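Chains as they are written, first to last, in our numbering: chain A, 886 to 1214; chain B, 13 to 331.
What you were told as hints is all true, and nothing was included just to trick you.
Computed footprint of chain B on chain A, listed as stretches where at least three residues anywhere in the stretch have a Cβ under 8 angstroms from a Cβ of chain B:
# : region
1 : 1041–1054
2 : 1073–1086
3 : 1097–1109
4 : 1136–1142
5 : 1145–1151
I should point out that these hints are in silico values taken from the structure, not numbers from a laboratory.
No experiment lies behind these values; they were computed from the predicted model shown.
Ideal placement from N, C-alpha and C gives every residue a C-beta, glycine not left out.
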Amino acid sequence: MAMEGAKKYFPVQKSFIERFVSRQAEYVKAVDGVTFEVQRGEVFGLVGESGSGKTTTGFVILGLIRPDEGSVLFDGTDMTKIGDEEFRKMRKRMQMVFQDPSSALHPRMKIGQNIAEPLRIHAAGSAQERKATALKMLETVGLIPAEMFFDRYPHELSGGQKQRVVIARALILHPELVVADEPVAMVDVSVRVQILDLMMKLKNELDLTYIFITHDLSAASYVCDRIAVMYLGKILELAPKDELFDNPQHPYTRALLAAVPVPDPADRRDKVVPKGEIPSPINPPSGCRFHPRCDHAVESCCAQEPLLKEVSAGHVVSCPILPFRELRK
Amino acid sequence: MSILNVDELSVQYSTSRGTVKAVSSVDLGLQQGETIGLVGESGSGKSTLGLSILRLLPPPGHITSGRAIYNNIDLVTADEAVLQRIRGREISMVFQDPSATLNPLMRIRDHFLEFYGAHEPDLSRSDATSKAKGLLVQLGIPSERLEDYPHQLSGGMKQRVCIGLAIALTPRILIADEPTTALDVLVEAQILDLLRGLKRDLNLTLILITHNMGVVAETADRIAVMYAGKLVEVGGTRSIFQKPLHPYTEALLQSVPNLKKRKQPVKSIPGNPPDLVDPPSGCLFHPRCPYAFEKCVVKHPPLLSLDDNRQVACYLRCE
Chain A
886 MAMEGAKKYF
896 PVQKSFIERF
906 VSRQAEYVKA
916 VDGVTFEVQR
926 GEVFGLVGES
936 GSGKTTTGFV
946 ILGLIRPDEG
956 SVLFDGTDMT
966 KIGDEEFRKM
976 RKRMQMVFQD
986 PSSALHPRMK
996 IGQNIAEPLR
1006 IHAAGSAQER
1016 KATALKMLET
1026 VGLIPAEMFF
1036 DRYPHELSGG
1046 QKQRVVIARA
1056 LILHPELVVA
1066 DEPVAMVDVS
1076 VRVQILDLMM
1086 KLKNELDLTY
1096 IFITHDLSAA
1106 SYVCDRIAVM
1116 YLGKILELAP
1126 KDELFDNPQH
1136 PYTRALLAAV
1146 PVPDPADRRD
1156 KVVPKGEIPS
1166 PINPPSGCRF
1176 HPRCDHAVES
1186 CCAQEPLLKE
1196 VSAGHVVSCP
1206 ILPFRELRK
Chain B
13 MSILNVDELS
23 VQYSTSRGTV
33 KAVSSVDLGL
43 QQGETIGLVG
53 ESGSGKSTLG
63 LSILRLLPPP
73 GHITSGRAIY
83 NNIDLVTADE
93 AVLQRIRGRE
103 ISMVFQDPSA
113 TLNPLMRIRD
123 HFLEFYGAHE
133 PDLSRSDATS
143 KAKGLLVQLG
153 IPSERLEDYP
163 HQLSGGMKQR
173 VCIGLAIALT
183 PRILIADEPT
193 TALDVLVEAQ
203 ILDLLRGLKR
213 DLNLTLILIT
223 HNMGVVAETA
233 DRIAVMYAGK
243 LVEVGGTRSI
253 FQKPLHPYTE
263 ALLQSVPNLK
273 KRKQPVKSIP
283 GNPPDLVDPP
293 SGCLFHPRCP
303 YAFEKCVVKH
313 PPLLSLDDNR
323 QVACYLRCE
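Kindly generate the complete structure, drawing on both the sequences and the hints.
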């Protein structure tokens, strides 16, 4: 999978009067020129705060939202240029796991029907075969005895069990790529690692590639091979997991990593947290989007939009003043 | 010195499916000036316990037995008028979702005016406004934001406003129920900083309710771990992290990936939290516990006090 310079601007709804007052249309620049590649078999993390554009990026990858610009290549095919029929075929090969399993499952459909729904939509097999496949899938995700879960309704299951159902549904068509949008954010703490372990087990058994979208850096550190840090619709830094955590370069990444509460009371330190909050993506700051909150910002930071530069193998950073010594420490 | 003593407190919700024992026989003493982290996952009863202390439980929740003694007053049986004087002035609360706490149709100023109107009726409007301004500035919000509506503020600012309302009358105890769960990492760090600062400046006693082990590790002096409505372990933050005594605490700590120690193995806890309408027999954790033996299935172990101010409810530690 590769994404090249994808952009998605959402127009801002204006009232009748406002339209007369200002001629200029305003846009939320949700995804603003994002480029990255995901290798087959990889777990690629997209991390960022709310409003960073990570979920929109996920939607663009799956074609749930068409980008205004740029291309999304899946296995060499540009998904933005193909017709509906071909698109439907491609869509079978990529699936999504949503954040909130309670709203992702149809409350009035039994678990079995929920899981078999993709098979029905893509007209795979007879009703009997579909049921057999769904039962097998339930076992694969650890909902045993499968027959019992098959006839239950979503509200009878716990949060963790529901997320297993959502994963089962995403995998039933044997996709190659799964985009998981905050798959454990709504799940109980004691069950989170269970779900992550399950996802990793399934990845190995079924040869999956994951794009793992999260705001939780600890979860990302647990599963991802490479991680891209997003801020206001742009990727600021992208590196292999260990390189990112051991040698973060972008001031934003460093701040983010320092802010994560560490579950170790011996490791209490005073943190330097950047002031303020993520600005509005309607009129993002000029130049480097992080400059108003950056301790290291110099004049040129607000003038020129920095490009991603490679600092070491596979580690790219978009910071105009890099590399400089204090930061490299 | 003990400032609040919760004693054998039990809370139930009557639902159509049956009675949910959300909190059962919880004993907890709170020391003046400490920060206690009340830890547990959703459904463990930690929020219910927090709400019960101020008797703010929404129906069908009700306290079935026990006491909560503050300043020689039992908050469970006290008159509504007495409680009204305690809420906000002596003990106050910050909730998880600031967007749901603030009234979307009221300006920030009116939130403060309403608050002062209810608690300090003698205060004039202009005095109340200037007090509110002072508070906002103290919390790092420009005072002109008083004229804004909640939707014009960012999530972090809204939570600051909620904290401002909670500390406006300099209470002695602040109950913060997942105050940073709805916020992004950087804002979370800002709000935790703010709470730590306020605690120091106002000599607050803080009850921090959270599911995030990182947040308690950085903020709490002591930790009380809840599981399925019961306290399973209480102790100093460092000693609990160093040597958890209850299998649930141990499993919980092992199930949280640590960014700083990525090589450290992470283990998941099998199974799911119990259904409290139909809880398991004996120790509520036994179906998920790797060490469970016959006794655990029969009877729930009592919360025993050990030395070093530790308390634990587990038969493994009874000898």
